[in-house]
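I would like the entire structure built from these sequences, with the hints used as guidance.
Sequence order for the protein chains is D and E. Read in order, the letters of the first sequence are residues 1 to 119 in the numbering used here. Read in order, the letters of the second sequence are residues 1 to 463 in the numbering used here.
Watch out, some of these pointers could steer you wrong.
Stated by the list, open to error - Label pairs and their calculated CB-CB ranges:
hint: 1; chain 1: D; residue 1: His62; chain 2: E; residue 2: Leu424; range: 41 to 47 angstroms
hint: 2; chain 1: E; residue 1: Val135; chain 2: D; residue 2: Asp51; range: 20 to 26 angstroms
hint: 3; chain 1: D; residue 1: Glu95; chain 2: E; residue 2: Thr332; range: 42 to 48 angstroms
hint: 4; chain 1: D; residue 1: Glu103; chain 2: E; residue 2: Arg432; range: 27 to 33 angstroms
hint: 5; chain 1: E; residue 1: Val141; chain 2: D; residue 2: Asp51; range: 24 to 30 angstroms
hint: 6; chain 1: E; residue 1: Pro299; chain 2: D; residue 2: Asp41; range: 31 to 37 angstroms
hint: 7; chain 1: D; residue 1: Thr71; chain 2: E; residue 2: Thr260; range: 52 to 58 angstroms
hint: 8; chain 1: E; residue 1: Val158; chain 2: D; residue 2: Arg25; range: 53 to 59 angstroms
I should point out that these hints are in silico values taken from the structure, not numbers from a laboratory. No experiment lies behind these values; they were computed from the predicted model shown. From the three backbone atoms N, C-alpha and C, an ideal C-beta is built for every residue, glycine too.
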Amino acid sequence: MADWNELSEALADYTISCNENERLRKMQRDWSRVLHFVCSDTAQNFSMDVDRGEIVSIRESHVGVPDIVVTATSETFCDMFWGDLNPVQKYLRGEIIVKGSQEDVMRLDAISYVIWPDS
Amino acid sequence: MGSATATATSAGLAFAAIDYLGVVSILAYAPGATAAFAILIGGLVVILVSAIFSELNGLYPTAAGIRLYLGRAIGNRTALSVTFTYMTTVVLVIAADAFLIGAAVRHVLNEPAVLAYVWIAVLLGIALAANLRGVRLAGWVQTVVTYTVLAGTSVLSVVALFHVGGAFKRPLDLFGGGTFSGIQAVAFALFLYAAFEWVTTTAEEARSPKVITRALFIAPALIWIVASVFALALSHLVSYSTLHGSAYPQLLLGRAALGTVGELWMLALTVMTALNTFNGGFLVASRFIYAAAREGNLPRQFARLNMNAVPWLAVTTLAGVSAATAAVVFATGEWLLLVSVGAAIECAIYAVGSLCLLILRSRVDRKRPFKMIAGRPLAIFGVVLFSLLFVATAFADPKNSTHFSVAPFTVIAILGSISTAYVLLVVPKLQRAAAARNAAARPRRRPSRPSAEDSDSNQVLGE
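Encoded structure:
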């Protein structure tokens, strides 16, 4: 199990990787969403606010009305935010559960794919 | 997403232009008002499908849908092989709609036959451009379009029925042409409802699994009403010999009921069905291709995204294959073969869905939001029934109902063999290449953390 310190470290790296990737920012220019994350093993919750492709805030609780809710284990989240796993594989095996539109599910994976094409 | 939108999505996925031809296929085996009886029986059978998919969706409410049910029940390779074959029905429906709309527009404008190719190219070109630009139909537009098509078809059919009066011929004589002929009529009736279960791929958008369950039961009821009145009107106002060779029976009914106004009315509705087919079909199939490529089951080029976050190669390939299929259908005139192939694949999928439920009932002991009464015996019944209906459609020849044809089965066998060979021979190579690439590309990024043992020894050293 990963604790909040590990998760926030992964999220900080993920935020930098996303926000500094010009191609991704351009691709996600029309994508503004509130994401809620639920760690199924630790009951840790956190939120991510994306404004026109830029991650503007990450908070250690659920804030605002979510457009997307992602549920997985804390370890899966850590590996995902470090780019060490392929989110689609986990999703298709039912290990990552997403509540949101199909388009948003794809956009979420597209972030990982663009910043880590070899993941 | 609420119940009204989910129901519209389900009904919209099922009710495409090819359904008008589906009714003609039923008429081949169940003439006159008997067709409506076959559609009723088909609707009753579909209740079983609704219940099976409701329970599966409650267990795994995900866009991966049948892929995940199969993966958990039978194994990943089989799941992939079946899903690839299943996805070909999306291509068939897109191709069929492009062809049927092209043929209908050409007919109304009284253009030379060859211009149908131009219309097919124009329609698919527009759909391709819209998809590449990331244009999507808003949920409410899709809902309005679906209900307009269903209501418009029903109203015209009811108006047409006023010309008929109540003189329906042999309404209950389903097995008058033989037992197998009746079964074939029911199997083709099932095709009218086909793809309604794809609404399970929107499970993640639904407010709760109950929304999908409601849609799975209400949408077939709507289709039953529309298809029944359409079949009754069509069978009594237009002769079967005229329908037999026509790719646009709905236009013939429109003209018979209200003249030019009726013909234009049905043309407008036919064009509207394309909005749902092209929007939903392209979205479902291209995202499936993207996910398969990301997972390492298709060449990674199919996961390439353009600046609108659209998998452009997947969408373009889909449009190209659909255009080629539509052109072949037009050149050969074998549009009823599309109906037979589509109906048979759907029956096979329903048999497979029943099998998944049977296996998952014994393997997964999780609480479900929807649980079928007498699930196990009904699932066994489903496997047997839908296998029988598969045989009934896979060897059918709607052009000549007294003959059998191996053409639909041959097409399905070829598609299935290609899918299976690909999964067994190519996918392992792709996955090995992906693993090697990943290993060589970069080390694990996540910092390793000290284990409990390391922490203990550090503490000892520190002391």
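Assessment of proposed distance window 52 to 58 angstroms (beta carbons of D:Thr71, E:Thr260): 56 angstroms, holds
Outcome of range test on Cβ distance (D:Glu103, E:Arg432; 27 to 33 angstroms): 32 angstroms, holds
E:Val141 paired with D:Asp51, Cβ distance criterion 24 to 30 angstroms: Distance hint for E:Val141, D:Asp51 holds at roughly 26 angstroms.
Distance restraint hint 42 to 48 angstroms, applied to the beta-carbon atoms of D:Glu95 and E:Thr332: 46 angstroms, holds
Distance restraint hint 41 to 47 angstroms, applied to the beta-carbon atoms of D:His62 and E:Leu424: 45 angstroms, holds
Pairwise beta carbon distance, E:Pro299 to D:Asp41, judged against the given window 31 to 37 angstroms: Because 35 angstroms falls inside the window, the suggested range holds.
Pairwise beta carbon distance, E:Val135 to D:Asp51, judged against the given window 20 to 26 angstroms: 22 angstroms, holds
Cβ distance range 53 to 59 angstroms for E:Val158 and D:Arg25, holds or violated: 54 angstroms, holds
Against the hints set out earlier in the document, no violation occurs for any number.
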